[in-house]
Structure formats: structure tokens, C-alpha cells
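Below are the chains, spelled out letter by letter.
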Amino acid sequence: MKMQLLGTALLSAAMAVGVAGQVQADDFPSKPLTLVVGWGAGGSTDIQARVLANVLEEQLGQPVNVVNQPGAGGGVALSRLAVSDDEGYTFVFGTSMTITFGPLSTETNYQLDDFRYVAGVTLGQSAIVTGEDRPFGDTWDGLIEYAKENPGTSYATQTALDRMIIEYIAQQEGLDLRIVPTSGGAGMAPLILSGDVDFAYSGGTHSGYADSGEMPVLLGLAEDRLAAYPDAPTLQEAGYDINAAEIRMAMVPKDTPDAHVERLAEALEVATQDERFIEITEERILMPVTWMPEDEVTQTLDDQVAGYKALLEELGGLPQDEE
Amino acid sequence: MIRTNFWSGLGTALLAVVLLAWLIPTYGGGGFAIGMQPQRLATLGAWLILGCSITLALISAVALLRRSAPFIVMPNVGQLWHMLWPFLYVLGFIVLVDRFPLTWVAPLLIGGLLLILGERRWYLLLPVAVVPALGLYVLTAHLMRIGVV
Amino acid sequence: MIGFDAIFTSFSAAFHYQSITVILGGVLLGYIVGVIPGLNRSVAIAIAIPLTFYMSAYAAIAFLIGLSKGTAAGSAVSAILLNTPGEPSSAATCLDGYPMASAGKPRKALKVGLLASVIGDLLATLLLIVVAIPFAAVALKFGPYELAAILIFALVFIAGMAGGSFLKGLAAGGMGVILGTVGLDPETGAMRLTFGYAELMEGVPILPLVIGTLALSEMFVQLDEYRRNKDAAVIKLGNSADDDLSYGEFKGTLPTILKSTGIGAFVGALPGLGPSVGAFMAYGVAKRSAKDPDSFGKGNPNGIAAAEAADNAVIPASYIPLFGLGIPGSVSAALLVGAFMIHGIQVGPLMLRDHPEMLFTIFSGMIVASLLMLAVGWYGLRIFAKVTSVPPHIVISVVIFLCLAGIQVQGYGTFGLIVVFGFAIFGYFLKKLDYSFVTFLVAFIVTPMLEMNLRQSIILSGGEISILLDRPIALVFVVITVLMVLHLGWSSYRRWMQVRRQVPQV
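Protein chains in written order, with full-length UniProt numbering: chain A, 1 to 323; chain B, 1 to 149; chain C, 1 to 506.
The shape of chain A in the complex, shown without the other chains (with noise of 0.2 Å):
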């Protein structure tokens, strides 16, 4: 009884292995799929991916199920995700720091070419911000006259890319600044809020506060102004020539077949115009909703790599040269 047990066991998953193996292109996709985020539950970009998946299911007729991979900034999912040979089944929604800065900060097991983008679907309002009644007021031109007035004056960063972009503001402009790392919004906001620091980065945060003005943003660090900020000017505006917009997209290994990327980014294009996305992503948590075809968001991608490399060599190489 035991044995016929365990034998029902082993068979049945060597045969799941084996089916896998054997799926046709054409009717894909014929099991279910697995659409990974590379951050915690409960978080704002896993809520809009199980929004997403919902979306997705009816779309592509089988159930997709939304599973935690967190870790290193979204780097975990990734490195699992190149390894990957599930043709399409599995794929990450992530943001695109993750793979343009990350492997130009920290060692990886991955680089940009090593995944297919298929689609962008949102797109990131990460900001540079302060808190209220600062000496600089709330604008930019202000915080940097103040900032070259008094060598010390003090920025929170939370992500490398964030610091690296402040490095070289930093550069152009001559300033002195005091940059203190902290992890997350949650670790941003009291410092912003009580004044212990000057001015930081925020990734979403800010757009909590658009109605009280307890946080009102220096510089919009998106390709066009902030939807909640649209009086704040963007990076290029102020005169940086940086492109740092974040994307929200789906990814799938490099080597997933032509037919099933398509087949994906018919259904994301859909989820796009749907309600329900819609409405968690632009009024729940803030973000506009956008469409960005595959050829698109790697033409951003590649630009951006290149300008990060070319900001990295200006400050003084790479990091990993420095050791």
C-alpha cells in the first residue's frame, strides 16, 4: 500500500517535470502560469500584481498565480528568473531599476540582455522631496543656492541609483552634502517629517502627502512631470541630462519563443484598458497607467544602462574598480 503510495507520488511528479518539457508553442498557455514579484506581500507592487493576475487569467484562460520572491531589491526574482527554462509560464513584474542600475551597482548573475521586456505597464514617481517651512522653501533652485551657501546640508538615499544621481548633481554644482542612507519610505518619512535631514529620495511615499503638503517634492525624477506634483520641474528640466525613469513591466527569460511573448503582451495590453487596473494603479497607489510595446521599453532600458555608465565613468568609475 506504502509503496504503491510513494510510486503514485514519484510518478506523478516525474510527469509534471516531463509534460513541461513538452508543450507546444501554438497553444500556449496550456497550464497555469506563475507571475513572480521580487518584492514582500502587501506591498504596492504586489497588490498591482494581483490585480494584474486577476486580469490576466481571463485573458489568457488559465489561472495565474502571484508568488513572493523577495530580496535584494527585486534581484532575487531576477536571478532566479534567468535560470529559468518554463518558456514564458513563469515571468516577473518588477520595476526596471532592478535591471538597469542593479547589475552596475552589485554583482549579479544577470545583465540587461539576459531577459525579454515585454511589456511596460506602469510607470514609477520617484521624486527627489523635502518636508514643510525649510529655510530653501520648496524648490529646487532654492534648496541648491541654500545648499552651496552651507557645506553639510543633508540628503537621505535609499536605493544606489538614487545616489549616484545625487553624486553627481552634487558635481556639477559644487555642493558639499551630508548623504545618509536609510531603507524604504517608512525609513525616509520621520526623517523628512521631523527635519532631521534636509532633503532625500522617496520612491512613492510622497504621493500620501500630495494633499497635505508635508512633502512637497524638489525634483520629479520620471520622464515627464509628476501627476501629483505638476509643478515640480523633472530631472532634464532642471538641467541634468539623466534619464532615471522607472517602468513597471513584465519580464521573461531571454530565451522564451517568439509566439508566447506575443501571446503575453496581447493580454497585458489588455489589462492596460481594463477598469480594475486602472483603478488600483492610478487612484490607489498613485502611478499612471501606461503602454509600452516590447521594442519600446528596450530601447528605454538600453539608453538608460548607457547613460548610467557614462554617469558612473564621470564620477569616477565603477564602483566595483574602486575596491
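Since the hints were derived computationally from the structure, they do not count as laboratory data.
Remember, predicted model here, so these are calculated numbers, not experimental data.
Even glycine gets a Cβ: it sits at the ideal position worked out from N, Cα and C.
You can trust all of the hints, since none of them are fake.
Residues from chain B that face chain A, not an exhaustive set, calculated with beta carbons under 7 Å:
no., residue
1, R145
2, I146
3, G147
Okay, the calculated beta carbon distance ranges per label pair:
no., chain 1, residue 1, chain 2, residue 2, range
4, A, G184, B, F71, 50 to 58 Å
5, B, A21, C, I473, 34 to 42 Å
6, C, K386, B, A21, 50 to 58 Å
Far from chain A, some chain C residues (derived; all Cβ distances over 10 Å):
no., residue
7, F266
8, L374
9, I465
With chain A held as given, fit chains B and C onto it using these hints.
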């Protein structure tokens, strides 16, 4: 206890030396920092271990010498095996789980261990081995919908 | 300002049978998930989020409040009975809960834990209601300087009370510090002791570490003992006569519960410390102020009461900065932010202006959830206390499976399994050689926060120590810490002299 203290003190001191002399300087990370060197806290921790473990080893050594107790008592080989096999058993299953979903392997894992521990009543063996795996299946495949793990 | 009517309406809404049903559902789901060793709040959330999509905003939030309380109480059950904390913050509950349950008093241990957690939770909720808005501003007075000072204080304090072998305790603490620094350096971005594993970039994952050192290693220790003396059951049967909580005993733990609630509420109100720090700190205070500190770690009900009351008081208190300032102070607070987001409500100071009824609905929901938790826990423990009467070989086999399953379910993958296994070996030696895993765990949990806050303080102050004169709160904690170090040094020197005098007689 004094003898094990002596040897564990010596062992941790050795570990601390390896950390201080090799692991932390090589893999501890570098770069220019205004706040704190990346290796600062780890090095502090390693010195703390070194200091404490050497003191522990010395105190125990003195105590052993005073009582003229032997420093080395060979452990019984059978005892060592008793200590070792559960680790090997679990490690073996971790290797298996790397290949196959835990849900399918679980009945083997639980059932096998029960058999080794001397459980022979099949009416107990079977449900204890199968029910947890079934529970895991329902949890992952239906409730959390993350697929079979 | 909100009128009495609105408060009354919100409470009567919370006591309506529909909302009670929803909250009860959340409590039950959370409790069941929490009771299963290795599964915790994030599993419960993963199950719950799809469910809440179909609920109204009010029902969804009530459900999640119930869920959050349920997992906290449930994870205490598995901590006490099986030494397997579902949440890392229940690790402090294991310290006395498990020895007490193994000594044949599982029901007493569970009752102490349950009562302490409900009281801690209720009092902290009341505090939240009374002071949420005005008090939030005070939390901002605690910047990096103050937090760094408090964390150093907590670390020294807990290391000092490790008892037993002081040297071995400190050595274990040193190991915790080293492991706590693993990962991406927050300032230079350098990889520290990650050996190229992306999984280690954000540090050694805490859940596999805790499950490995506490639970899986315990199973190995028990296997060892089980093989050695097969006939004697390792986990004793739980039906002895004194296995119930008398009123007198409960009264005895009450001062500890109240004190620990205060500590938990204080820690919770400061964004960024979290329930683990609160629970261990309360445990330390309870042990320090006890007449019989040596009985801690061996099944002292005050140890359970302290850990549980503080652990549960942290959570409502962590909503103070959430509702006052919009800063989520704990995982559970972040979870609520997510739920509000789904239902279109922006959490923060504007909530009182824009959605006052929602705010008071939450408060009343929290109180109802606490009371329901008491009921569920009280009747649940009759069932769960029986776990200890299951033969040990079955418990051992199943718990080993659950340890691995918890890791797989939460998506840590093979890497997580290897981490669990590695720390099981580590924990096995800690236990066999009598090194304090309390100091190890505390040092591991505190180090990353301490490092971040110390760094921020040093950079912001430009390395000038005189900044402390401008920050009186930080200064007070620094002075207390220095005094404590002196006291500890003096008392251990005296103890050493005593031992030295006795040695020749041995």
C-alpha cells in the same frame, strides 16, 4: 561541562581568528564611508568572540589542571553516529526537495523517519505521513494559489 | 473634531453581527495559520488579499485587523508548544513557554500567554485611541540619535541579563552581530559576507534563521534524546493536576504584564524598532527586576507574560505613527496601509479629517478583535494543549516537515532550506554547549537597525559627540547605558571573586 567548555572555547576562538584574519577582510566589503566602515561592526563582533572564548578556554584549562582531569576523552563512535544521522537524513531530503516539490516528497520524509524511530503500526504511519502533505497541497495549490511547492 | 455620536455609531457598527462575523473570520484564519509552525502573517496575507478584493472597505479592514491579531496569538501557541515561533517576535515567548510546556504545564503556559497578549493588546489599543493624534508628533522627537542610543541600551541590557555563562553569552552575541551585518552595506553599497548570493543582499533572512536555530535544532536535540532513552517520553503528557492557571498565579503575573505593556507600547510608538525589540526588552526587564532571575528560561510564567504582553502591545502602538504621521511602524501597520490602499483610503494625518468614521471604525474593530481573540484562544487552547500528549516521534517527524514546508511556502526556495539546515546545526551546538541563543538572536535582530541609526547619527552630526547635548533624550539613554555597563562589570567581578574563593574547596 568544563571539558566541553575548554574545547568549545578553543573552537570558537579558532573561528574568530578565521573571521578576523581571512573572512571579514576578504569578504567584508569595502569602499569609502563617512559614517562607519562596512567591516567595523563585524570586526568588533569577532574581537568580542575572540576575547570571550580565549578567556573561557583559559579558565576551563586552569580548572581542568587543578582537578588534574584529562583534557581529551574520546567520544564513543556509536554516540557520534546517533548525533549525526538525523542531520544526514534531513540534508538528504533537502537535496531531494531541490529536485521535486516538497509536497510529493513529504510522505517519504515523515514516513521514513517514523519507520526509523520504530513506528510499525500502519494505521498510524499512513495518515501521519500523508495528511500533512495533503494539507500543504491544499494550502499552496488552492488557498494561496502559488502552485505546488 | 469628531463628535460623540460618530464614535458611538462606529462602535455599534463594530458590534453588529455582520462585522463580528467578518472579524471572527479574520481571527480564525490568522489563528489557524499562526498555530501551524513556520507559517506566519505573510502566508495569512497571501491567503487573505484575494478574499478582501470582494469585500467592502470596512469589511476588508476589519478582516485584516482580525487576521493580524489572530496570527500573533496563534504564533505564540506554536512557540509555546513546539518551540517554533511563527513570527520572529514570538522567539522571546519560546524562552519560557517551551520549557514550561515540556514540564507538563502546557495549558498554564498557553493561558498565561493568551491573557498577557490580550491585556497588552487591549491596553495599547486604548492608548492608541486616546493619544494617536497628539502623540504622533512626539514620536518624531526620536530621530536617529535617540534610536541609536535606545538600541545600544537594549543590546547591553539584554546581553547583561543572559545569565548562566556570561562569557559564552557574549560570544554568542558577537556571532549575532557578525551575522547581522551580512548583506548590502547601506552606505558604500559594498557586499558584506554574501559570497555572491543575491539572497543574502538584504541580510540573512530572519525567518529561516529563527526556525533553524530554535525549532529544527530542537528537533535534532530531541531525536538525540529519544534514541538514547526510547521509553521516557521527551515531551511529557499534559494532564497533571497543577496544569491550570489559578487566579493567584494570574495576579502574580499582572505587574509584569502591565510593565511589559508599557515597554511594548513605548517601543511600538517609535517608528522602526518593531515587536522583536519590544518583546526581548520587556523580557529583559522582567528578568532583571525578578526576585528569582535564574528561573527565567526554565519555565517562569512571568517570562511568557512579559514577552507576549509586549509583543502584542507593540502592534496597536505602532499605529500611532501610522495614523498620526502616515509612517508604518511595523509589518502589521504596513499591511493595513496596503488594505487601505486597495480600498482607496490614504492613511495618515488627513484620515481624521477625510474619513473620521473609518478611523473610529478601525479602533472599535480592534477592540472587538481583541475580545474575540480571547474567546478563540481560550477555547482553542483546549484543543491545542493536546499536542503535547502526542507521542514524541510523531511530533518530531511532523515538525521537521513543517519547518521545511514553512520555508517553501514563503518562497525562500532551496537557498532558504540550506539556511535553515545550517542554522539548525548552529543552534544544535548552541544548545548542547550551553551558549545563550537569546543574546545571539537579539544581537542579530538589533544589529542592522543599530548600524543604520548609528551611521545616520555620525553622518548628520559630522562625527561630533557634542550633538548629544542638544538631544537630551539620547543623552539620558547613553548615561543609563554607561551606568549599566559599570554595574554589570562590577557585579560580575564580584561574582568571579566569589567563585575564585570557592575553587580550592572543589
